[in-house]
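Student: The lines below spell out each chain.
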Amino acid sequence: MHIAEGFLPPLHAVAWGAASAPFVLHGVRALTREVKANPESTLLLGAAGAFTFVLSALKIPSVTGSCSHPTGTGLGAILFRPPVMAVLGTITLLFQALLLAHGGLTTLGANVFSMAVAGPWAGYAVYRLLRGTRAPLMVAVFFGAFFADLVTYCVTSVQLALAFPDQATGFTGSLVKFGEIFALTQIPLAVSEGLLTVLVVRLLMQSSKSDLIRLGVAKLTSGKANQEATVR
Amino acid sequence: MLPIDAAAHSSRWRRRHPLEKAVLGVGLTVTAVCLPPWPGGPIVAAATLALLLGPAGVAGRQLWRAFRIPLGFCFTGALPLLFSVGGPAGFVAMAPDGPRHAAELLLRTSAASLGVLLFAFTTPVSDVLPRLVRAGVPAPVVDVALVMYRIGFLLLDSLARVRQAQAARLGNTGRAAAWRSVAGLAATSFVRAFDRAARLQSGLAGRGYDGTLRVLVPETALSRRFLAGTAALLASLVAVTLVLKELYL
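Residue numbers (the numbering used here), protein chains in the order written: chain A, 1 to 232; chain B, 1001 to 1249.
So that you can see chain B by itself, here it is in the shape it has in the complex (with noise of 0.2 angstroms):
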């Protein structure tokens, strides 16, 4: 299982609908998005991050493993805002107000960014699929995707299996070598998916499948505090950043 999704099934808030964190994680992400990057994006990412860190529970550690990995991205698509291509100053030149948008893009990306990690940390993907089809999304998509679930860490984890024996095997000492185990990697991959798929095939013919995958969704109610506070925080949020603005920008 993946680092995130293995957090999520022991998060805190485990428990809760996954409707409810999503209105909160995906609000504070369009929230980030949408408002002034300055001073929008301080505040709506200090909020996440006490969410995440204080009633959430998660591990300070395992979010920064997590949230490394779109901030290097972040910086990485920050760079080119930094210059101008093809303008009076010459062919490559710093652009006037580059470092301004290159800071003010990271400001929104890291906030957004890290409302989507709050409820990938609480929510567990087998949590929120099978609910998709009371959201409209027609039951062959949602049984397609939970077999990709399913079968998905199987695969990743034979593949892991398979990586430590190419290098046990001298595979990964030369280009020539590596090319072959990459390839050796991805074929692998495939005919056991397929295998993998043939076997739950025959399993589930003996146990009288109709074509539907049906499983157990645990029944839990919507909070309506939960909401309301949702709603409150993310109107706070608004409110707060559009009142700095006018008064200090």
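Chain A on its own, in the form it takes in the complex (with noise of 0.2 angstroms):
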């Protein structure tokens, strides 16, 4: 799903670039913000960056037997906030470029509108969709990762579409192309990776609850609750 360097033409490169940049001066601003609040943070930050850029190396059994990676935005939304994960994102995605040589330079800012920005946000909005209604975490946690993905591949199809236009049928025949070649493909991956964010989230509510209760993420069951009431 990264673009590879190159493969867009100069003027939708830079565009895409500009049309990333509000995302991530924001997540950088807010990136700022909370670092100089808590410099203790950097390191949270960056191991949860590092927790992003090693989730690319997953590989995860598809629904159609093969084999790919999980894009990770979703569980980054949820666990770190979309602002947050613009820079995380890009960052991840500078560091696949030059040590990876996955996606590219020239291609940053479209893989960071699809992959850092649209992906996660909305996958998160269907997250807190989900947890405004009282669905259980579990439900929400699939939809968020599963919508994050294939938002990430939506924007993907049309990103290509707009750089390559049908010769018949124009944009929309473009659309329809790549919009069924990645069908193909990635809605079973979209589950896959809805699958094993669950899977990921269920273990992580049994070994760093803590973690999870201080990114939002979980909540304080009643006896937790006490117990913490009656220490102080």
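Where hints are given, some of them may not hold.
Stated by the list, open to error - Some, not all, of what chain B presents toward chain A, calculated at C-beta under 10 angstroms:
(1) 1002
(2) 1080
(3) 1097
(4) 1111
(5) 1148
(6) 1164
(7) 1168
(8) 1184
(9) 1188
(10) 1210
(11) 1218
(12) 1219
Please keep in mind that the hints were generated in silico from the structure rather than gathered at the bench.
Source: prediction; values computed, not measured.
We put the beta carbon where it would ideally sit given N, CA and C, even for glycine.
From these two lone chains plus the hints, build me the complex, please.
Tutor: What follows is the structure, given as structure tokens:
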């Protein structure tokens, strides 16, 4: 799903860079404020970013039988919020371009827009919406991760369709073409990523619940709340 | 450490200023993207390859291992351009100019990828990050990137070991076991990342951590000769491409 180096014409590369810039700048301001208020959060944010980077090294079994890697955009947005994910995602994409030759520098803006902006915001919106309707945490996590993944692919399809309009039917035909290719391969992957994210959050609820409470994903159970109140 | 970064640490151009290599590598990439793919792509690719294998001293095998990844993406990405959807020739038909567009895209992306690889194979990320503050990137963002870079390698290392242990315990024998193992891997890396950050935090606190991560940046001077050579190379690539295009195409 990373758009490879040199894939987009120069004007498109610049335009997607400009479209991503406000979101990344907003994230940079949020991150700078957070670090100035709590200097120790530098290390936690670094750990969060490293976790996002490492997620792309995991191979998930796809429903179709093939294998791919998770985007981590949904999980990242649920755990660390979309503004911070815009910055962490940008740094991750830069590292992937330089260290793994995935993506590229001229296509960084387009990749940031799909993977660090649109995907996380869409996934987080669905997650918050479902949590607002008192849906169980795991249902909200599944759909958050599923939609983050799916929206990432849809935006990538739009980016490619705009860059390479179909010779006969223009942008619409090209969008159908790229959308069909992505739908065949990526809907099963989005389901896989949703399932994986649920499994990860379930494991984290058992092993690192305090971290999830600090990040606002889990709430103190009444028993623990009473215990804390007693301690205070 | 990842292979490209490991190669960059022992590169012949390691001691050169990162800005020089950025101007050359990114300059070649931008030239490849902006010039007409034919004959620009092959000309820029040939010049970049000559620099990579010649003065920069990158081993051919290492370069191929890194280059085949973007090349694979370029091939699969170019395939849809061969087809047209919903036109008068039927729902799916061969696009009349499809092969030409796909070939042009391949030429452009492969030349552009080589430019980025030239920069990546000669400049370790640890040389670039601390200098970004001087380029105007806020210090907290650079600090977060530095921590990401350092913890990232340790996590990848521990991930490989956990994966080995899971495989030894038949963790990948069935579909359900594979799912459990991957989820376990992701959760373990989350726990280890935060655990490592907490230990780093207490270690730094004991040394008077004030919120900034100070690292030693080796002093290197910008070579005007190198920059002038880069400008001359880029200008001549543009000129040769445009002249050839005018004369023969």
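Student: If a hint holds in the structure, say so; if it doesn't, say that too.
Tutor: Quick rundown of the hints versus the structure:
1. Given the 10 angstroms rule on beta carbons, the hint for residue 1002(B) holds: about 5 angstroms separates it from the nearest Cβ of chain A.
2. The beta carbon of residue 1080(B) is positioned within 10 angstroms of a beta carbon in chain A (closest approach about 6 angstroms), and the interface hint is therefore held.
3. With a least beta-carbon distance of about 6 angstroms to chain A, the hint placing residue 1097(B) at the interface is held under the 10 angstroms criterion.
4. With a cut of 10 angstroms, the hint placing residue 1111(B) at the interface with chain A holds, because the nearest CB-to-CB distance is about 7 angstroms.
5. For residue 1148(B), the interface hint holds, since its Cβ comes within 10 angstroms of a Cβ in chain A; the closest pair sits about 4 angstroms apart.
6. Because the smallest distance between the Cβ of residue 1164(B) and any Cβ of chain A comes to about 14 angstroms, over 10 angstroms, the interface hint for this residue is violated.
7. Because the beta carbon of residue 1168(B) sits about 17 angstroms from the nearest beta carbon in chain A, more than 10 angstroms, this interface hint is broken.
8. The beta carbon of residue 1184(B) comes within 7 angstroms of a beta carbon in chain A, closer than 10 angstroms, and the hint placing it at the interface holds.
9. The beta carbon of residue 1188(B) is positioned within 10 angstroms of a beta carbon in chain A (closest approach about 8 angstroms), and the interface hint is therefore held.
10. At a threshold of 10 angstroms, the smallest CB-CB gap from residue 1210(B) to chain A is about 7 angstroms, leaving the interface hint in force.
11. Annotation: residue 1218(B) was flagged as interfacial toward chain A, and the flag is violated, the nearest CB pair being 19 angstroms apart, outside 10 angstroms.
12. The restraint placing residue 1219(B) at the interface with chain A is violated, with a minimum CB-CB distance near 23 angstroms, outside the 10 angstroms limit.
The structure is inconsistent with the numbered hints 6, 7, 11 and 12, although it conforms to all the rest.
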